[in-house]
Amino acid sequence: MSYTALRDTLRIRLPGAVDGLINLELFNLLDEFCRTTNAYREVLSTQLEEGVQNYEITPEGKEILLVYQTAHYSLSVGGALFDDGVLKLPNPPTPEDLAYPLYTEVSLVPTDSQADPESWLPAPLYQRFHQALLDGTLSRMMSQVAKPYSSERMALFHGRRFRNHMALARARVVGDSEPGAGGNWRFPRHTR
Amino acid sequence: MLDTAASYITEARRLLQDEVEPYRYPDADMLAALNQSAFEARRLRPELFLGRFDALPQVTAPEDPFLVDPMYRSAILYYVVGRMELRDSEDTKDGRASVLLNKFVAQLLTIQS
Numbered sequence: 001m002s003y004t005a006l007r008d009t010l011r012i013r014l015p016g017a018v019d020g021l022i023n024l025e026l027f028n029l030l031d032e033f034c035r036t037t038n039a040y041r042e043v044l045s046t047q048l049e050e051g052v053q054n055y056e057i058t059p060e061g062k063e064i065l066l067v068y069q070t071a072h073y074s075l076s077v078g079g080a081l082f083d084d085g086v087l088k089l090p091n092p093p094t095p096e097d098l099a100y101p102l103y104t105e106v107s108l109v110p111t112d113s114q115a116d117p118e119s120w121l122p123a124p125l126y127q128r129f130h131q132a133l134l135d136g137t138l139s140r141m142m143s144q145v146a147k148p149y150s151s152e153r154m155a156l157f158h159g160r161r162f163r164n165h166m167a168l169a170r171a172r173v174v175g176d177s178e179p180g181a182g183g184n185w186r187f188p189r190h191t192r
Numbered sequence: 193m194l195d196t197a198a199s200y201i202t203e204a205r206r207l208l209q210d211e212v213e214p215y216r217y218p219d220a221d222m223l224a225a226l227n228q229s230a231f232e233a234r235r236l237r238p239e240l241f242l243g244r245f246d247a248l249p250q251v252t253a254p255e256d257p258f259l260v261d262p263m264y265r266s267a268i269l270y271y272v273v274g275r276m277e278l279r280d281s282e283d284t285k286d287g288r289a290s291v292l293l294n295k296f297v298a299q300l301l302t303i304q305s
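Each protein sequence line maps, in turn, to chains A and B. Quick note: the first sequence uses this note's numbering, first residue 1, plus one each step. Quick note: the second sequence uses this note's numbering, first residue 193, plus one each step.
Honestly, I wouldn't trust all of these hints.
Said to hold, decoys possible - Just a few of them, taken from the derived set where beta-carbon distance is under 10 Å, the chain B residues facing chain A:
id, residue
1, Leu236
2, Arg237
3, Leu240
4, Met263
5, Leu300
6, Thr302
Calculated from the structure, these hints are not laboratory results. We put the CB at the ideal spot given by N, CA and C, even for glycine.
Generate the whole structure from the sequences, applying the supplied hints.
What follows is the structure in structure tokens.
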């Protein structure tokens with residue numbers, strides 16, 4: 001499954017919808033999905049410069065939501081701070097440290113609605129969250145008023161499915177980031 | 193193709209049976225109707241003009257482009273023809289104008305039209 005498969009399915013399920021609006025609602029959905037689940041994670045590679053402690057690491061067209069960890073082969077980066085797109089290292093790199101890149105694991109959200117929709121998410125994530133993105137976009141589109149594809153009932157149906165997908169994605173991310181944390185486990189409902 | 197004002201005018205004249213000069217409906221009136229259709233479509237389906245809300249397609253000459261999503265070009269055409277039919281002259285029928293203008297709205301808002 002890819003962005004193309006998602007777009008084509010949405011075109012078929014939403015007769016009369018124009019591509020621009022489908023993409024805009026998909027973008028809005030990705031914003032909600034990524035901010036809620038932190039499911040879009042990447043490891044960024046940064047080339048260090050001698051003596052420089054501050055690095056702009058935010059990829060173009062993205063916003064960093066969380067920094068999980070930083071790692072470097074020789075430089076001690078424990079206690080690095082992240083603020084407003086800038087990673088601040090606790091120690092200045094020496095010439096020996098420049099041989100290796102700095103790795104930073106982050107969660108991201110796309111911010112450029114005008115960019116090619118295929119660039120909003122990496123292809124594997126479009127594949128992994130295909131059903132979630134499909135249900136979420138259908139819900140948003142069908143909840144609009146006075147459109148050929150408006151359907152309050154189906155908007156609720158797909159919205160419910162989307163929230164379930166999102167809960168699973170969130171649990172999976174927690175489970176992935178904290179081994180042994182039991183991301184898929186929940187307290188029984190009556191104890192919450 | 194229905195992508196320029198001229199193509200809309202040609203098609204509208206065919207439906208209006210106004211293909212022989214001198215025309216009953218001048219080009220200027222057709223262009224005005226086409227421009228008005230953009231405002232009406234903007235009101236009903238703003239996403240047709242996504243990214244150009246402040247610069248809706250407006251034409252001043254037949255060669256000017258008038259671009260909307262291909263799915264909705266026939267709706268625009270029905271609006272132009274319907275608006276021409278609204279004119280108070282002996283060869284127009286109010287019923288036909290009403291049908292065409294309603295068809296424009298129905299095509300924008302519903303599937304079964």
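A quick look at each hint next to the structure:
For Leu236 (chain B), the suggested interface contact is upheld, since its CB lies about 7 Å from the closest CB of chain A, less than 10 Å. Interface restraint check: Arg237 (chain B) against chain A, minimum CB-CB distance 8 Å, threshold 10 Å, status holds. Hint status for Leu240 (chain B): holds, given a least beta-carbon distance of 6 Å to chain A, under 10 Å. Nearest Cβ of chain A to the Cβ of Met263 (chain B): about 7 Å, under the 10 Å cut. The hint holds.
The criterion of a C-beta within 10 Å of any C-beta in chain A is met by Leu300 (chain B), whose closest approach is roughly 8 Å, and the hint holds. Residue-level restraint check for Thr302 (chain B) holds (minimum Cβ-Cβ distance to chain A is 5 Å; threshold 10 Å).
In this structure, every one of the numbered hints holds.
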